Amino acid sequence: MTETSSPPAGSEAPAYPMTRACPYQMPVGYEELRENGPLTKVTLYDGRQVWLVIGNEVGRALFPDPRLSSNVLHPGFPFLAPRIAAQTQQRAAPPLVGVDDPEHARQRRMVIPGFGIRRVSALRPEIERIANGLIDEMLDRGSPAELLSQYALPLPSAVICALLGVPYEDRGYFDERSRQVLSSSGEGAAERARKAFTEILVYLHELVAKKEKQPGDGLVDELIAHQLEEGSVDRDELALICSLLLVSGHETTSNMIALGTVTLLEHPEQLALLRQDDTLLPGAVEELMRFTSIGDVLMRVAAEDIEIAGQTIRAGDGVAMSTMLMNRDPHAWENPDTFDITRSAGRHVAFGYGIHQCIGQNLARAEMEIAFRTLFRRIPNLRVPVRSEELPLNAPYVLQGVAELPVEW
Amino acid sequence: MEISIATERCIGAAMCALTAPEVFTQDDDGVSRLLPGGAEGAHGTSVREAARACPVQAITLRGD
Ligand code: SF4
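One line per chain: the protein sequences are A and B, in this order. In terms of this note's numbering, the first sequence is numbered consecutively and its last residue is 409. In terms of this note's numbering, the second sequence is numbered consecutively and its last residue is 64.
If you are wondering where the hints come from, they were derived from the structure by calculation, not from laboratory data. Note that the structure is a prediction, hence the values are computed from the model and not measured. Every residue, glycine too, gets a C-beta built ideally from N, C-alpha and C. Hints may contain errors.
[Stated by the list, open to error] Derived DEER-like restraints, expressed as beta-carbon distance ranges:
1. R48(B) <-> W409(A): 44 to 54 Å
2. R48(B) <-> P167(A): 43 to 53 Å
3. L34(B) <-> A225(A): 40 to 50 Å
[What the hints assert, rightly or not] Coverage of chain A stretches by chain B, computed from C-beta distances (three or more under 8 Å per stretch; other residues unrestricted):
4. 267 to 275
5. 359 to 368
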């Protein structure tokens with residue numbers, strides 16, 4: 001047992017994050033990391049060493065631990081890439097995801113009614129209508145097509161706009177900008193992401209002003225009626241919260257629909273099972289979440305010393321929670337690297353765990369179920385003409401996914 | 001089995017209602033609630049799984 005926060009003896013702290021070669025498999029280097037036990041150390045781009053959480057049990061103990069902070073303004077908060085560091089230093093902490101309780105709890109309380117299971121169930125027919133409409137358009141235009149821009153992105157985009165009460169005709173405005181905020185990489189990325197976020201924020205400010213005069217029936221309208229008018233939130237915070245919901249509602253689900261399609265097509269025997277038995281669909285969605293783990297690394301900083309797994313995480317240490325490694329932990333699942341839609345994948349942490357667990361998870365589940373069912377039913381001979389290794393991928397420090405998805409039928 | 005929910009801690013993730021829909025539901029505020037009569041008919045395994053699935057450990061079980 002070590003009493004200091006230096007790396008475990010005999011191991012070096014490899015560079016992190018690591019790049020995926022295949023969009024749904026573990027990055028090269030994760031196999032070796034997994035052998036380092038449930039908790040190890042890695043080196044970030046700036047030379048800083050942080051803890052990497054690998055084990056499912058340890059992760060599930062650490063995620064809800066209040067000594068582990070999500071506050072991005074904490075001076076010791078670690079960043080995966082200079083772009084993210086630069087973005088965060090520019091402004092206040094992003095609501096919900098970048099703050100701790102009690103601020104987090106106050107913000108979360110405001111928005112949870114909008115994402116309740118009954119609300120989500122009531123939205124299902126609308127989601128089905130949107131999915132079918134997009135497939136109609138795609139079939140009209142004919143094969144080949146690009147699935148991300150024609151289906152995987154516009155579907156969650158239309159759904160989150162409907163839920164928030166953002167006018168349908170404005171939704172195109174956010175598609176590209178949301179992508180830039182969460183998944184841009186390469187030259188000029190920080191600048192593009194910042195600009196896109198500012199534009200979304202300005203739009204939402206104007207929307208709130210418009211809705212104050214002419215209320216509608218979305219979540220934004222409810223927040224105006226119940227929170228803004230009571231004074232429990234001001235216009236700036238309201239616009240920030242809405243922008244976070246809007247951006248997260250776009251990017252994550254669209255990446256999952258695209259990547260899930262690739263994964264299912266590359267496992268034809270699993271897809272065949274799913275086609276035979278509709279009741280396997282919810283389980284298949286959980287398994288896709290576990291298997292692809294698109295939001296791989298969630299960053300934290302230790303606010304106090306934490307003793308766990310024979311190590312001491314010191315106050316101020318950075319902690320990287322790898323949801324992919326936790327979801328591929330051989331102690332938690334048999335043959336974790338096998339894609340099996342009939343397994344019970346329920347204990348995955350692909351939506352996170354603890355107080356920050358994804359607020360839109362039940363909406364996301366409904367969208368994924370409907371998206372896959374509609375797609376494979378209506379275009380039964382759908383194919384991806386290239387191997388998954390040849391698809392253009394997102395950078396390792398952003399949401400995992402394909403940047404483009406050519407399809408034929 | 002005695003089931004209690006620390007509603008002030010609940011974050012509305014609905015893992016409980018998803019795992020044991022015969023026992024848990026959500027109220028209009030998106031907060032977890034026991035279904036009327038849910039605790040009596042509660043099947044041990046699914047309730048235990050629901051308590052485990054709760055991301056903030058807001059569900060406590062006592063007895064069988
Ligand atoms: S699983 Fe926990 S946090 Fe989620 S609704 Fe149930 S009690 Fe609340």
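Structure-based check of each hint:
1. Taking 44 to 54 Å as the suggested C-beta distance range, the pair R48(B) and W409(A) conforms, at roughly 45 Å.
2. Taken as a hint, the range 43 to 53 Å holds for the pair R48(B) and P167(A), whose Cβ atoms sit roughly 46 Å apart.
3. At roughly 29 Å, the beta carbons of L34(B) and A225(A) sit outside the given window of 40 to 50 Å.
4. With a cut-off of 8 Å between beta carbons, the stretch 267 to 275 of chain A has 0 residues touching chain B; three or more are needed, and the interface restraint is violated.
5. Given a C-beta distance limit of less than 8 Å, the hint that chain B covers the stretch 359 to 368 of chain A holds, as 3 residues qualify and 3 suffice.
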